[in-house]
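Novice: Chain by chain, the residues run as shown.
2 protein chains.
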Amino acid sequence: MQRIAIDMDEVIADFNTKHLRLFNEEFGENLTVQDLMGTRLRLLRPHLVERILSYMVDPGFFRDLDVMPGSQEVIRELSERYEIFITTAAMEYPTSFNAKYEWLKEHFGFLDELNFVFCGNKSIIRADYLIDDNARHFEGYGGQGILFSAPHNRDVTGYVRVNDWQEVRAYFLK
Amino acid sequence: MQRIAIDMDEVIADFNTKHLRLFNEEFGENLTVQDLMGTRLRLLRPHLVERILSYMVDPGFFRDLDVMPGSQEVIRELSERYEIFITTAAMEYPTSFNAKYEWLKEHFGFLDELNFVFCGNKSIIRADYLIDDNARHFEGYGGQGILFSAPHNRDVTGYVRVNDWQEVRAYFLK
Numbered sequence: 108m109q110r111i112a113i114d115m116d117e118v119i120a121d122f123n124t125k126h127l128r129l130f131n132e133e134f135g136e137n138l139t140v141q142d143l144m145g146t147r148l149r150l151l152r153p154h155l156v157e158r159i160l161s162y163m164v165d166p167g168f169f170r171d172l173d174v175m176p177g178s179q180e181v182i183r184e185l186s187e188r189y190e191i192f193i194t195t196a197a198m199e200y201p202t203s204f205n206a207k208y209e210w211l212k213e214h215f216g217f218l219d220e221l222n223f224v225f226c227g228n229k230s231i232i233r234a235d236y237l238i239d240d241n242a243r244h245f246e247g248y249g250g251q252g253i254l255f256s257a258p259h260n261r262d263v264t265g266y267v268r269v270n271d272w273q274e275v276r277a278y279f280l281k
Numbered sequence: 108m109q110r111i112a113i114d115m116d117e118v119i120a121d122f123n124t125k126h127l128r129l130f131n132e133e134f135g136e137n138l139t140v141q142d143l144m145g146t147r148l149r150l151l152r153p154h155l156v157e158r159i160l161s162y163m164v165d166p167g168f169f170r171d172l173d174v175m176p177g178s179q180e181v182i183r184e185l186s187e188r189y190e191i192f193i194t195t196a197a198m199e200y201p202t203s204f205n206a207k208y209e210w211l212k213e214h215f216g217f218l219d220e221l222n223f224v225f226c227g228n229k230s231i232i233r234a235d236y237l238i239d240d241n242a243r244h245f246e247g248y249g250g251q252g253i254l255f256s257a258p259h260n261r262d263v264t265g266y267v268r269v270n271d272w273q274e275v276r277a278y279f280l281k
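Residue numbers (the numbering used here), protein chains in the order written: chain L, 108 to 281; chain Y, 108 to 281.
Fair warning: there could be bad hints in the mix.
[Claimed, not checked] As a list, the in silico SDA-like pairs of lysine to any residue whose alpha-carbon atoms are at most 25 Å apart:
1. L:Lys-212 - Y:Pro-166
2. L:Lys-125 - L:Asp-240
3. Y:Lys-212 - Y:Asp-271
4. Y:Lys-212 - Y:Arg-276
5. L:Lys-212 - L:Glu-184
6. Y:Lys-212 - L:Glu-199
7. L:Lys-212 - Y:Tyr-200
8. Y:Lys-125 - Y:Val-269
9. L:Lys-212 - Y:Gly-227
10. Y:Lys-212 - L:Glu-184
11. Y:Lys-212 - L:Asn-205
12. Y:Lys-212 - L:Glu-157
13. L:Lys-212 - Y:Thr-146
14. L:Lys-212 - Y:Ala-277
15. Y:Lys-212 - L:Met-163
16. L:Lys-212 - Y:Leu-155
17. Y:Lys-212 - L:Phe-168
18. L:Lys-125 - L:Ser-256
19. Y:Lys-125 - Y:Gly-145
20. Y:Lys-281 - Y:Val-269
21. L:Lys-212 - Y:Glu-157
22. L:Lys-212 - L:Arg-276
23. Y:Lys-212 - L:Ala-206
24. Y:Lys-212 - L:Glu-209
25. L:Lys-212 - L:Gln-273
26. L:Lys-125 - L:Glu-187
27. L:Lys-212 - Y:Val-164
28. Y:Lys-212 - L:Asp-240
29. L:Lys-212 - Y:Leu-221
30. Y:Lys-212 - L:Ser-161
31. L:Lys-212 - Y:Asn-205
32. L:Lys-212 - Y:Glu-199
33. Y:Lys-212 - L:Leu-221
34. Y:Lys-212 - L:Gln-273
35. Y:Lys-212 - L:Tyr-200
36. L:Lys-212 - Y:Glu-187
37. Y:Lys-212 - L:Thr-202
38. Y:Lys-212 - L:Asp-165
39. L:Lys-212 - Y:Gly-167
Since the hints were made in silico from the structure, they are not lab data.
As the structure is a computational prediction, the values presented were derived from the model and not from experiment.
The task is simple: from the sequences and hints, build the whole structure.
Specialist: Right, dumping it as structure tokens:
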């Protein structure tokens with residue numbers, strides 16, 4: 108059985124909506140996901156980079172992110188034909204461990220928690236496919252990288268790309 | 108550069124000494140590591156299995172384990188010639204995440220935290236070598252398993268075995 112490794116933030120967990128909301132509330136702005144196309148919030152507002160990164164240090168930040176549309180249904184389907192692992196770079200935010208685990212148990216409780224991986228450098232992942240929004244994780248990775256579209260990677264080229272979970276379904280279940 | 112993945116409990120972290128101490132204190136016993144040869148505490152005292160497993164659910168349990176003799180020095184040496192990852196089955200005790208991370212930062216702070224992996228099923232690990240005391244983790248693992256001697260695995264055969272960190276040094280740096 109082939110194995111698919113799947114990232115969390117911006118792939119199955121809607122990181123941007125909450126991050127932008129917290130930022131807009133604090134600074135009285137009205138930035139939208141459209142403003143993040145081809146860039147990142149910290150590049151748009153470089154003088155606020157420390158504050159922008161600090162939201163993720165709150166141990167609860169990752170606990171109530173929305174689920175990305177279609178991800179539950181498609182992953183449930185995929186899990187009948189593929190071995191599914193969730194592989195998230197949690198070591199970048201060590202305060203996030205518990206929230207990420209609880210979020211996965213709540214929204215993806217049909218997966219085996221022994222298939223959750225909290226890592227940093229994803230070249231350690233042994234899987235046939237890795238679905239991730241950060242192309243840097245494909246460096247040194249041994250399988251087929253699949254770039255999941257996110258605002259920040261709009262202009263990144265040279266990878267297999269899927270724009271949403273319906274395209275993931277089509278790629279694997281066609 | 109070849110990569111070595113290294114388990115935590117009973118390999119770099121002295122799990123048994125603390126576990127036995129807590130058990131002996133609570134039940135007025137005098138069990139030693141010698142009593143665990145070829146078995147496990149929960150098999151020796153099956154009527155207490157729930158309590159025996161419950162110690163590890165305490166979020167602080169893994170925070171103050173002793174470091175296994177020689178592990179720091181040898182891993183520091185190995186890290187000059189090999190890529191080192193720490194791969195621990197933390198998903199079995201999700202309350203352990205923070206303690207394990209802090210323990211690693213305290214005792215193995217010379218390693219990059221992006222090379223820490225909290226997982227469950229270790230077949231997800233892509234490394235040339237895996238040093239582990241649980242032979243079950245070598246099932247489905249793609250590299251060379253190296254069984255690190257622990258009381259419970261004394262009678263396990265069929266694997267490359269190292270008895271202590273000096274033997275790890277000899278294996279990799281001979």
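Novice: Tell me, in ascending order, the numbers of any earlier hints that this structure violates.
Specialist: Of the numbered hints, 10, 13, 14, 16, 26, 28, 34, 36 do not hold.
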